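Novice: Spelled out, the chains give:
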Amino acid sequence: MWSYLQSFPGRKHPVNIKRETIDGVKTYGRVSDIPEDVDLAVIAVPARSVPSVIDDCIRKSVKAAIVVSAGFGETGEEGRKLEEEIKTRLANTNMVLLGPNTLGVYVPGESLDTMFVLREKSRRPPDGPIAYVSQSGASASGFMDVAEHHQYGISAFVGLGNKLDVNENDMLEFFSKDDKTKVICMHIESFVDGKRLLKLCRKTTPRKPVVILKAGRTEAGARAAMLHTGSMAKPSQAMDGAFKQAGVIRANDLLELFDYSRILAYQKPMFGPNIVVVTSGGGYGVVAADYIEDRNVGGELKMAEISPDSKRRLREKLPSFASVNNPIDLTGNVTDEMFDHVFRVVNEDENTDGILAFLLLQTPYTTDRLIDIAWWWFRNGGKPMVPCIIGGLHSEEVIRMLESRGMPVFPDIRRAVLSLRVLHERGKYLLKIGKSRGEAR
Amino acid sequence: MSEKYFKRVLNHASATGCKNIPEHLVKPFLKSQGIAVPRFVVVEKVSDLRKAGRLRFPVALKVSSSRFIHKTDAGGVLLNIRSMSELRRSAMVFRRRFRGEPLLVEEMVSGNVEMVCGLIQDDDFGTCIMIGIGGIYTEIYKDVSTRVVPVSRVDVLEMISELKGRVLLEGFRNIRVNKAAFMNLVLRFSAIGEEYGKHILGLDANPVVLNQESATVVDAKMVLK
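Chains P and L, in that order, give the protein sequences. The first sequence maps to residues 1 to 441 in the numbering used here. The second sequence maps to residues 1001 to 1225 in the numbering used here.
If you are wondering where the hints come from, they were derived from the structure by calculation, not from laboratory data. Treat each hint with caution, since some may be false.
In silico DSS-like pairs for lysine-lysine, Cα to Cα no more than 27 Å straight-line [unchecked claim]: (1) P/LYS195 with L/LYS1225; (2) P/LYS195 with L/LYS1071; (3) L/LYS1221 with P/LYS234; (4) P/LYS234 with L/LYS1019; (5) P/LYS26 with P/LYS60; (6) L/LYS1031 with L/LYS1221; (7) L/LYS1142 with P/LYS234; (8) L/LYS1179 with P/LYS432; (9) P/LYS428 with L/LYS1164; (10) L/LYS1004 with L/LYS1019; (11) L/LYS1198 with L/LYS1164; (12) L/LYS1198 with P/LYS234; (13) P/LYS177 with P/LYS432; (14) P/LYS87 with P/LYS63; (15) L/LYS1198 with P/LYS195; (16) P/LYS234 with L/LYS1179; (17) P/LYS18 with P/LYS177; (18) P/LYS199 with P/LYS26; (19) L/LYS1071 with L/LYS1019; (20) P/LYS87 with P/LYS121; (21) P/LYS63 with P/LYS12; (22) L/LYS1164 with L/LYS1019; (23) P/LYS302 with L/LYS1004; (24) L/LYS1198 with P/LYS199; (25) L/LYS1045 with P/LYS195; (26) L/LYS1045 with L/LYS1019; (27) P/LYS432 with P/LYS268; (28) P/LYS268 with P/LYS428; (29) P/LYS208 with P/LYS428; (30) L/LYS1045 with L/LYS1071; (31) L/LYS1179 with P/LYS428; (32) L/LYS1198 with P/LYS203; (33) L/LYS1198 with L/LYS1221; (34) L/LYS1164 with L/LYS1221; (35) L/LYS1031 with L/LYS1007; (36) L/LYS1071 with L/LYS1051; (37) P/LYS432 with L/LYS1164; (38) L/LYS1051 with P/LYS199; (39) P/LYS428 with P/LYS302.
In this text the structure is predicted, and so the values were computed from the model without any measurement.
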């Protein structure tokens, strides 16, 4: 952890009672021995020693502490007592405390990394627009490794741990005002104050999307959460409705949390349900059409009726055996130019609200230029487009290339359709609260 | 106006120590909130039966007591009573069976769709409102939608659109019902939740009977906190 803190440009002091130096840097026996003001203390000592370290931090007027140590409320009665001790100490001070039992924070823009998980095993995602708040440490380190793999940028990660002081609502309030953060995603097992959460969400969602994974939504899940974090929350019957009222996008698992926050960060909201599928593989188009209209497991969207004028324009440059109905099937003879033409036409089609684009790299006449074409339309097309690339090694390389440019790609039809659904949910919400399409971008 | 009726509810609870509110106190409260209920007469002593003469037969007879929340299971509901003499006979049976508990005589309401509307307390979000397909199907299909109170008209439309049985409100085959009346009822329940939510643990109107003219709460249960 000390070595990871080295990338942080501010001054750092190790505090340790057993060693004179750490990595050649002189240590202090106590926080209060440090000869200058301290903004942040990262505390990683055994749980029973934490209260006395907190005392020392308070004496030193430390502004904030992150308690990485575990062994508190999550372990039982004794741990809960320790938490109470810390709470009493914090009561009359200005110090804020994150944790205990937390991974800490990771803020790429400030090069601040207090996480104790090894970088070789859990890489860190780049700087970007998504704030990620999690009550679960282990899933967060896995999730961030995935995020790095997909070049998905985060403005900050905050591990909440046992939420003794700082909780999800505080972080929501903070990221709501943070200009760098465009999307807030949270993985929560229990709400400290559901009413305040909704109030904050209602304030935030007109400007930036909030995606929440609330684990423990069934009796079994709630029991598991109780064993995991000691939360006593019963599953809420009203959560879905409450989230809809507050414009919160709900995720059911980490993959959804990841997909939804990513597409919302990098793509615009969709203001109608009508989707055009562009494909060079007819089979994908059929599966996609099912998912697009399926109310239960799919997108609850509509396959668009492409206008006669657009169909005429499509025919001008497509071979006779290609289909200009929806799905638009360009067949195995597809070329880069055909894709370019189709993207132009559907972006201008009055009956189309969004585009699902299968970029199949196995066809013989397409080249690497297709990547640039897709990227250009993704960025400049005017209508939300969700790209889907299915394939092995070669496809994976292309996906990585596109994602490092800020274009999320889905390796799976259903995930792509559900992401379109979320863009539509976002668009519907913005229209419902009276935002015009122009200001809702 | 409705303050008075809710006070009676509170008084009953504090006098009896029982949180289950008998229906003859719930219905007047709902009515005072602008919610349609069947015309009714409360029978607390035998002579009250005379008042039932002003109702339109057929009527329903129900026991109205904190002790019998599941009236039907306890044999405390009799439907389609066609005449005054039949009512008198049945009322005597009920007086014996339920040891002088108050009885509620209500006009029968006909309709072709049964909905449910209720208030619940959620651990996380407080007072919430739920609607769904009513009658015996509520528990079978669990086709319900929930929101935090207060709800807007747009929220109510969205709630209805979430129900699998929404077609019942939108004109399915020959079924014609007054959807707007049901929406207004939901908004009034929301208003009750907003104003009295701090006292109410649960309020359940099931069935709410819909026909072409109205949406009427036929059966209502209320439990205080």
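Novice: Is the hinted pair L/LYS1045 and L/LYS1071 satisfied, with a Cα-Cα distance of at most 27 Å?
Specialist: Roughly 20 Å separates the two Cα atoms, so the pair holds.
Novice: Under the criterion that the straight-line Cα-Cα distance not exceed 27 Å, is the pair L/LYS1071, L/LYS1019 satisfied?
Specialist: 16 Å, holds
Novice: Would the hint linking L/LYS1198 and P/LYS199 be met if the CA-CA limit is 27 Å?
Specialist: The hint holds at about 19 Å.
Novice: Take a quick look at whether L/LYS1031 and L/LYS1007 sit within 27 Å of each other, Cα to Cα.
Specialist: 14 Å, holds
Novice: Given the hinted pair L/LYS1179 and P/LYS432, is their Cα-Cα distance within 27 Å?
Specialist: 21 Å, holds
Novice: Is the hinted pair L/LYS1045 and L/LYS1019 satisfied, with a Cα-Cα distance of at most 27 Å?
Specialist: 24 Å, holds
Novice: For the pair we were handed, P/LYS199 and P/LYS26, check the Cα-Cα distance against 27 Å.
Specialist: Violated - the C-alpha atoms of P/LYS26 and P/LYS199 are around 47 Å apart, more than 27 Å.
Novice: Starting from L/LYS1164, check that the Cα of L/LYS1019 is at most 27 Å away, please.
Specialist: Answer violated: L/LYS1164 to L/LYS1019 is near 34 Å, above 27 Å.
Novice: Starting from L/LYS1179, check that the Cα of P/LYS428 is at most 27 Å away, please.
Specialist: 23 Å, holds
Novice: Would you check the hint for P/LYS428 and P/LYS302, treating anything up to 27 Å between C-alpha atoms as holding?
Specialist: 14 Å, holds
Novice: Check whether the Cα positions of L/LYS1221 and P/LYS234 lie no farther apart than 27 Å.
Specialist: Judged against 27 Å, a Cα distance of about 24 Å means the pair holds.
Novice: Check the hint pairing P/LYS195 with L/LYS1225 against an upper bound of 27 Å on the C-alpha distance.
Specialist: Holds - the C-alpha atoms of L/LYS1225 and P/LYS195 are around 19 Å apart, at most 27 Å.
Violated hints, in rising order: 2, 11, 16, 17, 18, 20, 22, 23, 25, 38; the structure is consistent with all others.
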